[in-house]
Amino acid sequence: MIYLDNAATTRPKPREVVQAVVDAMQNFGNSGRGTHDEALTAARMIYDTRNSIARLLGGTKGENVVFTANSTEALNVAIFGLLDAGSHIISTDLEHNSVLRPLYRLEKAGAQLSFLPADKNGQINLQDLEKYLQTNTKAVVCTHASNVTGDVVDITAVGKFCRKHHLLFILDASQTAGVFPINLQEQNIDVVCFTGHKSLLGPQGTGGLCFREGLEIRPWKTGGTGVQSYLTEQPSQYPTRLEAGTLNGHGLAGLHAALKLRLATGLEAFRSNELALARRFYEGVRKLPGVKVYGNFAATLRAPIVTLNIGNEDAAQIADELARRFDIATRPGAHCAPRLHRALGTQQQGAVRFSWSWANTATETDAAIEAIRILAEESK
Amino acid sequence: MRQPKEYFVVTFATTTGAMAMEEACRTQNIPGRLIPVPRSITAGCGMCWAAPPDAGKAVEQLVIREKLDVSGLYSVFI
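From first to last, the protein sequence lines stand for chains A and B. Just so you know, we're using our numbering here: the first sequence kicks off at 43 and counts up by one. Just so you know, we're using our numbering here: the second sequence kicks off at 4 and counts up by one.
These are calculated hints, taken from the structure and not from any lab test. Careful: at least some of the hints might be erroneous.
[As the list claims (entries may be wrong)] The calculated lysine-lysine pairs, modelled on DSS-like cross-linking and capped at a C-alpha distance of 30 Å, are:
| no. | chain 1 | residue 1 | chain 2 | residue 2 |
| --- | --- | --- | --- | --- |
| 1 | B | K8 | B | K60 |
| 2 | A | K302 | B | K70 |
| 3 | A | K202 | A | K173 |
| 4 | A | K103 | B | K60 |
| 5 | A | K150 | A | K180 |
| 6 | A | K103 | B | K70 |
| 7 | B | K70 | A | K263 |
| 8 | A | K329 | A | K422 |
| 9 | A | K103 | A | K202 |
Looking at chain A on its own, in the form it has when it is part of the complex (with noise of 0.2 Å):
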């Protein structure tokens, strides 16, 4: 089988991950919960964990990485836990709905919303940004990579931007944590939120928060946290004000064997890999006939996806031949990307992603060309 959708989760995960998972369920006790060696030897793991993430991230302090199962949580965490019904927020077309359904919620309860348009091929331009500055401004949100696409966005110019204007930045870094350098502290980034089972290469069930110090982050769950037990209330300090119940400490145990390998090996040699493997793969079906690929590939930095179709067929219909007659397993339909689809005129027809990861190669890359030649010859 060929694996191609690695935006949606990487696959496989490097043996030393899954090793350290296996170990994990077979050793660990609760994190701070007792200080027996069980217990202490999860802590410590966790404590790691922070510490690479800070490191990874440009964050100040381990204290200031609060873990929770996935982006969309981590989402869920700074977007309510910062912005409120008064606020207005600026974000982009670009969005996943673990952005969008959070600020929906939020535009229910009173909140405005504004978002940075995107055109037929996905393009938004930042210096509109501008344009949608209210009196109530309070953050801008949104992705650094579009799971569509593969497109990114200049966070270095909206961190500016944010910066000028005294606004919050919560940046979703779904797909670019561990890819892509971000560094909360030069790029004015408020809070990373990101997700440990993409391109950093950890477990499902993995993610979390990164944030800059001195920020007030409103806890919106409160429990065991296994100190200060007789507090009635969530304790305020960091990272546990955020953390109530026990932590996925087997899955972090998977993600701190990924970063391990991450900061060992370097950014560069990481995506160097599936970046030549998407570019490869753009260059091998952009011209076939009736091939439609969307966002800029005049950009050279990129997030390893190459989103296509195949004139008007169904994106459905192409996935699923991809997967039964040539076993490549690709992601149709509309990525939870609603605005993005709409912007690009697929939200009838969707799309087929293709995503790369370390494991893929370029005899895997060739024969998915091959495929979307032969599918496209049959559409004629």
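Please arrange chain B on chain A, whose structure you already have, making use of the hints.
Showing chain B alone in chain A's frame:
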């Protein structure tokens, strides 16, 4: 039960604070270990750093120097 002994104890608001303390003490070769918080301090369920009394000064200086996030320093018999 063993006889109570004197310890220099540091408490924390979070498990992360306790982990930072342990890491700093290990790096600086300051003796001690993490134990459940004794009831003479609080009957909560957290953990604290317990050092021999003669390491108390070194622990205190470490807390200040490394700006460790602690909630209390105690001399107690456990």
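Hints versus structure:
1. B:K8 with B:K60: Judged against 30 Å, a Cα distance of about 18 Å means the pair holds.
2. A:K302 with B:K70: Judged against 30 Å, a Cα distance of about 26 Å means the pair holds.
3. A:K202 with A:K173: Roughly 15 Å between the alpha carbons, so the hint for K202 of chain A and K173 of chain A holds.
4. A:K103 with B:K60: holds, 26 Å
5. A:K150 with A:K180: OK: K150 of chain A and K180 of chain A at ~17 Å, within 30 Å.
6. A:K103 with B:K70: holds, 12 Å
7. B:K70 with A:K263: holds, 29 Å
8. A:K329 with A:K422: holds, 14 Å
9. A:K103 with A:K202: Within the cut-off at roughly 22 Å; holds.
In summary, the structure agrees with every hint in the numbered list given earlier.
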